[in-house]
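Chains as they are written, first to last, in this note's numbering: chain Z, 31 to 252; chain S, 57 to 271.
A portion of the hints provided could be inaccurate.
Claimed, not checked - Label pairs and their in silico Cβ distance ranges: (1) Leu181/S with Gly78/Z: 42 to 52 Å; (2) Ala161/Z with Ser192/S: 29 to 39 Å; (3) Asp104/S with Tyr203/Z: 43 to 53 Å; (4) Lys222/S with Arg169/Z: 23 to 33 Å; (5) Pro127/Z with Ile144/S: 18 to 28 Å.
Since the hints were derived computationally from the structure, they do not count as laboratory data.
Every residue gets a Cβ at the ideal spot worked out from N, C-alpha and C, and that includes glycine.
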Amino acid sequence: MRREVPLIITSIAGLVFAISFFIPLLGDAQNRFSDWVSIVQSFAVWLGLLNLTKVSLEKITRKREGWQYAILTVVSLVIMLAIGMFDGFSGLAQDPPVSYREPGTNFDWMFRYVYTPLTSTMFAMLAFFVASASYRAFRARNFEATLLLVAGFFVMGGRVPLFDLLIRWFTDYPLFNQFADWIMTYPNTAGQRAIMIGIALGIMSSSLRIILGIERSHVGGQ
Amino acid sequence: MDISNFLAAVLTLGIFSFLYKDNPVYRACEAIFVGVSAGYWAIVFFFDNLQKKFWEGVFPPDGSAGDHLLWFGAILGVLMLFRLSSKIGWIARWPLAFIVGATAGLYMITYFVSNAMNQVADTMLSLIVVNDVTGSIIWTQTIGALVVAVGVISGLVYFFFSKEHKGVFGATAKVGIWFLMITFGASFGYTVMSRMSLLIGRMSFLFRDWLGLIG
Chain Z
31 MRREVPLIIT
41 SIAGLVFAIS
51 FFIPLLGDAQ
61 NRFSDWVSIV
71 QSFAVWLGLL
81 NLTKVSLEKI
91 TRKREGWQYA
101 ILTVVSLVIM
111 LAIGMFDGFS
121 GLAQDPPVSY
131 REPGTNFDWM
141 FRYVYTPLTS
151 TMFAMLAFFV
161 ASASYRAFRA
171 RNFEATLLLV
181 AGFFVMGGRV
191 PLFDLLIRWF
201 TDYPLFNQFA
211 DWIMTYPNTA
221 GQRAIMIGIA
231 LGIMSSSLRI
241 ILGIERSHVG
251 GQ
Chain S
57 MDISNFLAAV
67 LTLGIFSFLY
77 KDNPVYRACE
87 AIFVGVSAGY
97 WAIVFFFDNL
107 QKKFWEGVFP
117 PDGSAGDHLL
127 WFGAILGVLM
137 LFRLSSKIGW
147 IARWPLAFIV
157 GATAGLYMIT
167 YFVSNAMNQV
177 ADTMLSLIVV
187 NDVTGSIIWT
197 QTIGALVVAV
207 GVISGLVYFF
217 FSKEHKGVFG
227 ATAKVGIWFL
237 MITFGASFGY
247 TVMSRMSLLI
257 GRMSFLFRDW
267 LGLIG
């Protein structure tokens, strides 16, 4: 019951949505599915939020390592939710309704001055780690690594004006920029295409395994 | 002093402090980041999906007939919340099974069409590109078309593991590896540049918007 029912649901849902491409009568199934997925996705996000709250509160009450930071997590979560809910419902009550994301709302302020600085700094900090990783990745140990190095070098060099300014001593032709464009248009496209076709074939075989019930990890099986 | 920019600058510097070493200020900013991100996305999904798509779909504001099939999605969503219970958490597998099955069914066809068939069709073009007016060969595009065709075929040969990579097959796979290395190098270069532009953005915020040191 606990494993058979989900397997049957998986197979039926998979077959219906795969077949809907070939039977026009079922054409609406795809739109219907995307509506349901949007709704379930929202519940999944709230499930994650409730789980985060549960885990954080457990950490605080049991005074586990770093419990002080869990307080900050819960407090910032509650503040963001309270502001968002207040702005959302008060905006809906207006005529015409105003979005909670409109510039000037408290939620927008939180987004601009708290969420955005934190998010972009987190990703900006990766620049330092990527720089150290590229030092290791771009060492020309063999021919393949040299190709990686050359492609990376020209793509990076072609995207900043410095390199083309430096070679102006020899030629006015924007060599770096043009070569970077050529790499992106031809060899990079070829490699990406091979990868994309490979991924498509992989997804097709995985999907078939799921629909036929061979792959059962999502229902807790092997 | 602008309190908004001051707060944003403190949070920015708090995250950057990790570059020195792991410290309480960074961990505090990280905890705030987790809480604020979770709250932000919960609100976005609540109002953009649950309120706009589900609630206004079932009970349209203009008073027209509602789409009651949307309730099915809501029921699946509620069943998903059972995951929080240790006793009846297994019920959450039902909506998960539906999503996994439907996604598998949809992706099996859509990926076949968009990623496999369309990419193959875009590759199977004339290898010699001719100028329509003069009738002469455009060498740059012809070489480019050849590079793409050779790259795609050799790349796919490399991904074919059912045959040992030896002889002509192995040599073709080797060429495929070269193309893949160029692709990875280009992707890596692009990633580095995108991270650098984010870093420049944060520095620009600190020195221009906050401190006003640059114009």
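Can the suggested window of 42 to 52 Å be confirmed for the beta-carbon pair Leu181/S and Gly78/Z? 45 Å, holds
23 to 33 Å was suggested as the range; check whether the CB atoms of Lys222/S and Arg169/Z agree with it. 29 Å, holds
I want to verify a distance hint. Is the separation of the beta carbons of Pro127/Z and Ile144/S within 18 to 28 Å? 38 Å, violated
Should the hint that Asp104/S and Tyr203/Z are 43 to 53 Å apart at their CB atoms be regarded as holding? Distance hint for Asp104/S, Tyr203/Z holds at roughly 49 Å.
Is it true that Ala161/Z and Ser192/S lie within 29 to 39 Å of each other by Cβ? For Ser192/S against Ala161/Z, whose Cβ atoms are near 46 Å apart, the range 29 to 39 Å is violated.
Hints 2 and 5 from the earlier list are contradicted by this structure; the remaining hints agree with it.
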